[in-house]
Structures are given as C-alpha cells and as structure tokens.
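Chain by chain, the residues:
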Amino acid sequence: MSAVATQTPENCPAALTSVLRGILALFLWATLPLYNARWTLLPALTGVAMMAMLVGAVIAAPREVIEGDVQRLMYIHVPSASAGTYFAFLIAAASSAAFLISRDIRWDAVARSAATVGVLFTVITLATGAIWGKPIWGVYWTWDARLTSTLVLLLIYTAYLLARSVAGPNDEQAARYSAIFALIGFLDIPLIHFSVDWWRTLHPQRIIFDPRPAVPGEMLLVLLIAFIAITLLMLWLVALRSDTEQLVQRTDRMRARLDQREPA
Amino acid sequence: MTAQSFAVVSHGLTKRYAGVEVVSEASFALPTASKIALLGPNGAGKSTLLGMLSSLITPTDGDASIAGYPLRINPPALRRQIGVLGHLPMVYEELSPLENLEFFARLYEVPNPDARVEQLLRTVGLWRRRREPTQVFSRGFHQRLALARAVLHHPTLMLLDEPETGLDPAGVELLDELVMRDPNVTVLAATHLVERTAQWAHGLLRLERGRVIEAPAMPPTVAASTVGATL
Amino acid sequence: MFRKDFQLAWRDRTGWLSAFAFAAISILVYSFAFDLAATDVRPLLPGVLWTTFLFVGIFANGQSFQREADAGTFDAMMIAPVSPSTIFFGKVITNLVALVLIELALLVLATMLFDTVLLTAELILVVAIGTTGYVSLTTLLSTLGSRARARAVLLPVLALPLLVPLLIAGVRATGVALDEPVGSAPWMLLLSMFALWATVGGALLFPLAVER
Numbered sequence: 472m473s474a475v476a477t478q479t480p481e482n483c484p485a486a487l488t489s490v491l492r493g494i495l496a497l498f499l500w501a502t503l504p505l506y507n508a509r510w511t512l513l514p515a516l517t518g519v520a521m522m523a524m525l526v527g528a529v530i531a532a533p534r535e536v537i538e539g540d541v542q543r544l545m546y547i548h549v550p551s552a553s554a555g556t557y558f559a560f561l562i563a564a565a566s567s568a569a570f571l572i573s574r575d576i577r578w579d580a581v582a583r584s585a586a587t588v589g590v591l592f593t594v595i596t597l598a599t600g601a602i603w604g605k606p607i608w609g610v611y612w613t614w615d616a617r618l619t620s621t622l623v624l625l626l627i628y629t630a631y632l633l634a635r636s637v638a639g640p641n642d643e644q645a646a647r648y649s650a651i652f653a654l655i656g657f658l659d660i661p662l663i664h665f666s667v668d669w670w671r672t673l674h675p676q677r678i679i680f681d682p683r684p685a686v687p688g689e690m691l692l693v694l695l696i697a698f699i700a701i702t703l704l705m706l707w708l709v710a711l712r713s714d715t716e717q718l719v720q721r722t723d724r725m726r727a728r729l730d731q732r733e734p735a
Numbered sequence: 051m052t053a054q055s056f057a058v059v060s061h062g063l064t065k066r067y068a069g070v071e072v073v074s075e076a077s078f079a080l081p082t083a084s085k086i087a088l089l090g091p092n093g094a095g096k097s098t099l100l101g102m103l104s105s106l107i108t109p110t111d112g113d114a115s116i117a118g119y120p121l122r123i124n125p126p127a128l129r130r131q132i133g134v135l136g137h138l139p140m141v142y143e144e145l146s147p148l149e150n151l152e153f154f155a156r157l158y159e160v161p162n163p164d165a166r167v168e169q170l171l172r173t174v175g176l177w178r179r180r181r182e183p184t185q186v187f188s189r190g191f192h193q194r195l196a197l198a199r200a201v202l203h204h205p206t207l208m209l210l211d212e213p214e215t216g217l218d219p220a221g222v223e224l225l226d227e228l229v230m231r232d233p234n235v236t237v238l239a240a241t242h243l244v245e246r247t248a249q250w251a252h253g254l255l256r257l258e259r260g261r262v263i264e265a266p267a268m269p270p271t272v273a274a275s276t277v278g279a280t281l
Numbered sequence: 010m011f012r013k014d015f016q017l018a019w020r021d022r023t024g025w026l027s028a029f030a031f032a033a034i035s036i037l038v039y040s041f042a043f044d045l046a047a048t049d050v051r052p053l054l055p056g057v058l059w060t061t062f063l064f065v066g067i068f069a070n071g072q073s074f075q076r077e078a079d080a081g082t083f084d085a086m087m088i089a090p091v092s093p094s095t096i097f098f099g100k101v102i103t104n105l106v107a108l109v110l111i112e113l114a115l116l117v118l119a120t121m122l123f124d125t126v127l128l129t130a131e132l133i134l135v136v137a138i139g140t141t142g143y144v145s146l147t148t149l150l151s152t153l154g155s156r157a158r159a160r161a162v163l164l165p166v167l168a169l170p171l172l173v174p175l176l177i178a179g180v181r182a183t184g185v186a187l188d189e190p191v192g193s194a195p196w197m198l199l200l201s202m203f204a205l206w207a208t209v210g211g212a213l214l215f216p217l218a219v220e221r
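For the protein sequence lines, the chains are A, B and C, in the order given.
Residue numbers for the first sequence follow the numbering used here, so the first one is 472 and each next one is one higher.
Residue numbers for the second sequence follow the numbering used here, so the first one is 51 and each next one is one higher.
Residue numbers for the third sequence follow the numbering used here, so the first one is 10 and each next one is one higher.
Check before you lean on any hint, since a few could be wrong.
To be verified - Among the chain A residues that face chain B by a calculated CB cut under 8 Å, a handful are:
| no. | residue |
| --- | --- |
| 1 | ASN641 |
| 2 | MET725 |
| 3 | ARG728 |
| 4 | GLN731 |
Since the hints were made in silico from the structure, they are not lab data.
A quick note: this is a predicted structure, and the numbers were derived from the prediction, not measured.
We treat Cβ as the ideally placed atom computed from N, Cα and C, and that holds for glycine.
Extracted from the complex, chain A is given alone in its bound form (with noise of 0.2 Å):
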C-alpha cells in the first residue's frame, strides 16, 4: 500500500497539481487584459469584422461560377464549423479542467457558456451546410465525415447541458460531474473523427464539400476575414454569457444566505 507517497484527496501527485497550477497562473496572466478589454475592444473589433465579413460575403467576393449565390453561405459555414464549434469546445473543456483544478464555481459558468455558443454555432453549421447543399446536391445531409462528426459534438454537448442545468447554478457536485463530462468529450473528438472517418471509407462518396482545391485569392481574403469575424463573435458571445451565468450563481448564493437568516 502506497502510505508513502503524498497523495491529495483528488490522487494526483503533488508534483502534477503544482505545475497544473502553474499553467492555469499563465494562462490567465496571459488572457487577463483580453478579458477585461470585453466590454470595449472586443465589441467593437467584432462589430468591424462582421462588417467586414459581411460585405465581403454579400458584395465584394466573386460569384461562384458553379453554384451560384448560395456558395456564399461558405464565409459562415465554414468558419463556423472551425472556430465556432471546435474552438468553443476547447474553451469548454479548458475552463472544466480549471474549475476541476480551482474548484471556482465561476469556471463552471465559463464553461456552460461557451458549450452553450458552441451548440449554437454547430447548429448554424448545420443548418448551414443544409441549405447549402439542397440545391447543390438535392439532399439536406450527407453522411460525410465532418458533418456526421459534428453532429456527433452537438449531441455530446447538448447532453452536457442537459446534465448540468439539471442542478442548481452554484451544486458544486452536479458542476464537477459536468466538468469531467465535458473535459471527456472534448478528449473523445479524435476518436470520433477516426472512427467516423474510416467509416464513411467504406462507402464510395459523393463529391462533396471537398470542391476546395481551388479557391481563388479574393475568396481566400474573404474566407480569413469571416473566420477572423466569427472567432471574434464566439468570444463575446462567450463574456455576455458567462458574465450573465456568473451573475445568476451570485444572485442564488445570496438568495441562499437570506434563507439562512430568516428564522431569527
């Protein structure tokens, strides 16, 4: 029996805590001005980029030959299946790992909020690549690798969300359990990319999504200036939520200790 070795309540060796303490240190030293720049720079930088990105969309990229207008449903699509979906996840799952490690309940309001934009937006990405591909293709899904595996994520995080607002905003148990969930789901994404990739192999494709060998330089600036834009947009929306959970837990606690002083 290891009576020995130093063990923590959360088994995990001394060692670990400290450096994952460690990085959890730099990294908020790192983000911090960000953070407190969310009320002003980062409005107003996403308020410019979505303008940007919309008028490079709508007006200024060229007209796909092929497909016609509805190609320009890509400058959302894609970026939001990228930094919308995946990105949001990853903040998730980060800020469960935090709140693990923490044991602030404010990281489990970060982290609902950002699997709560990031179900967003990979039903925008869904929904998206749907009306895209009826009057390119005639069908509204195709059994391709990358939607089904998005599919797969929304299902995982809208699960998570389910779980965790079953509890109340500040049932640190019910918070820990969801952050493991989510921390799990994030780390179970290669192996639901590999499976559900080599599975779609075994089926001939249909010419897909994949018409991207060549993509013109115009379309190309527009593409990075949308996918710029829809990070930004992810961002905030991530703040305006989490901002507003965190809110709502303080409000519950002092509800609670208002409970606590009644009976005199």
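Starting from the structure of chain A, add chains B and C where the hints point.
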C-alpha cells in the same frame, strides 16, 4: 512522536454549499479518550461536521488533525482510525451479517478477522442468525449490525450521528458497552437525547447555525505544528 | 474488493437475469423489425449485437450504482482506507465479467437463431475489449448523483454519444471476425485504443467524480 493529548484538533473547518456556510470556522479540540456530546438544533450543521471529520465531505476551508494525521491529505492511515455510525446503516442488504463483517474486516485489514467477527456478532446478538440476508432484519438489528461494523477495526475515534435511533434499551446498552465505556476510544456523538448525555458525556460541543458556541477545549495555539504534522 | 462485488452481483442475479432477458428480447425485436428471417443476416448481425450490448450495459450499470448509493454503502467505501481507484476497478471488473457472460449467452442465442457460427476466439476477443471500453466509461458516468431526477433517462443520453467510436469500431471489428468486407482500416486498434483511453480516463477521474 509525542502522545496525542488531543484526538481531534480542528482549525476553522468550514463547509459552504451554494453560498451558504453550513459549518463556519469550527475550531475546537477533543481530548483523547473523552466522550463528547455534539449538541445543537436541527440544521445546526452537526451532520456536516461529522461528515467532514469522517473524511466523507471535503471541507471548503480550514483543516483538522485526527490522531495526528492531517484531514486535508486524508491518508488511509487516518481512515483506519475512524469508526462511523450514521443515519444509514451502511451495510449491504443482500449479504448476510457474517459476509458483511467479513468484507469490512478484509477492507480494514483487521488482524484475526474471524475471531473478531465472531466476537462482535455474539456481542450484538446476531450470531445465531449470521447467515441470513440482512434485508430480513428489523431496524433495530440493522443498527446493531451497523454498530458492529463501526467498531470492527478497533477505531480510536468514533463519530456517531444520533446512534440511539432505532435501538431498543438492550441495544442502547450495547452501544454503551462497546463505545461509550471503552477507555481507549474518543467519541463525538451527535444526539437529541440530552438527558442521557449526563450518563456518558465528559463534555459538550455545541453548534448553532454552523458556529461553535461551546467547546470542550480550544485548539492549542501551538497547534500549527500539530496540524502540519505530516507523514 | 472484487469478492464483495461478485457476491453482490451474485445475490442480485435476478437483476442480471432481467438484463439478459432484455437483451434477448431486443434481438427478437430487431429480427422482426428488420426481417432478419428472410434476408441475409450476416452483414446486419454485428450492428444488432452491438446495439444490444450497449443498451444492456448502460441499463445494468446504472442499476448497480443506484443501489449502492441508496443503502449508503457507497459512503462506507469512501470512509474506508481504500483508494477510490480500487473501488473503480472493483466495479469495472465485476460488471465486465457479468456483461461478458451475458454477451456470450447472447452469441449462443444468435448462433442458433441465425444459423451462423459466432463463437470464434477472434470475435470473443473483440467483444471482450469493446465491453471493457464501455463498462469503464459507464461506470464513470454512473456517478451522476443519485438524487438527480431524470437520472435513468440522462445516463444513456450522456453515454451513447461518447460511445460512438466504440460502436463503430466494435461493429466493424466484429465484421472482420466474421469475414465481412469492412475495408482495411485498423478497427481492432481503434477499439483497443478506446478501451484503454476509457479505462485510464475513468480511473483518473473517478476519485474526482465521487468527491463531496
């Protein structure tokens, strides 16, 4: 290592659930081999305090040392010293009393397990029916089995949460015999039977709204060394 | 630790028998729904088998944890001088053995119903590894508080999306064992990786999940 004059030393133990401090800054010391009654109205935080001391609930703040071991680190050796009797009997319904005690004896690495198990089963009066599944027994016998489980591994600290519930007078006598009159055991027992405390308690630990308003002894100020004593 | 879990499982054998009954009925339901009597069954069999395994597993796992929590015996485990990882492995191994037995029985049943040889060493290995994967994960997930109201429904909703890779890889690997054409991807490797990941992850995170 000096002989512990205090079995339990608590410094500012706090438990917060959703913003409410169920136990606030509990600081007290329990002298070794003393029998202390834990008193307080419903909702005062008695069960939570016992939960923290038994390592079941993680404190939000503060620390304690039990038999010299730090609670925060919670080494297995600490848990070996503790025996708990709570609201639920914490025994397996599908297994017989014999199987239950044999299992717990293995879990706690009790020396001479068979002899010890037999001795306890005979004492609590479950020897004759030792092979029947626990679920057929009455509440009183459940509690007796729970008592046997709690003292099985010769703990030096007994944490009891209203132990008399469900026990008939003979059962209460068993409780006294096995726990309250054992000179080697420190006892902290939450109870509503205040009159009975005169019979067994050496001192009181009183809680109200999570705060300690009366304690048998305050933690010694030199305590930093006691609490910090690690492996 | 194992002995206790085994004894418990044995005592609760009615519960496990119901699980087997549920699984057997599922196979019949699939037979009716997909007309497995008429069509060539072999391509569909891996899918039928694995969906049944997963549902039984989730159902059974949730049950055993629920009962421990109710009786307060889980608290008894927590205050005992045993590490949570040991508790985790005890549960995983017991559930693993019980489920593999159920699955073997199902394979025998399917062999008779569909007139195909199913009890090959390769297939049993696939089943065993896959089962390890989902048992580890569902054991971790079943720590969902017993007081959560919609618990019974929530557990499958949480577990199944995470188990997608296991399902896909398990079905394909079973297909390989049955000499069905399933492409050249290393399914067995993926299955084993998943099982490893689930078990290690479960063991590391279980102590955090049960903390109060």
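Quick rundown of the hints versus the structure:
This hint holds: ASN641(A) has a C-beta 4 Å from the nearest C-beta of chain B, less than the 8 Å allowed. With a least beta-carbon distance of about 7 Å to chain B, the hint placing MET725(A) at the interface is held under the 8 Å criterion. Evaluation of the ARG728(A) hint against chain B yields a held restraint, the C-beta minimum of about 6 Å falling below 8 Å. For GLN731(A), the shortest C-beta to C-beta distance to chain B is roughly 5 Å, which falls under 8 Å, so the interface hint holds.
The structure fails none of the hints (numbered hints given earlier).
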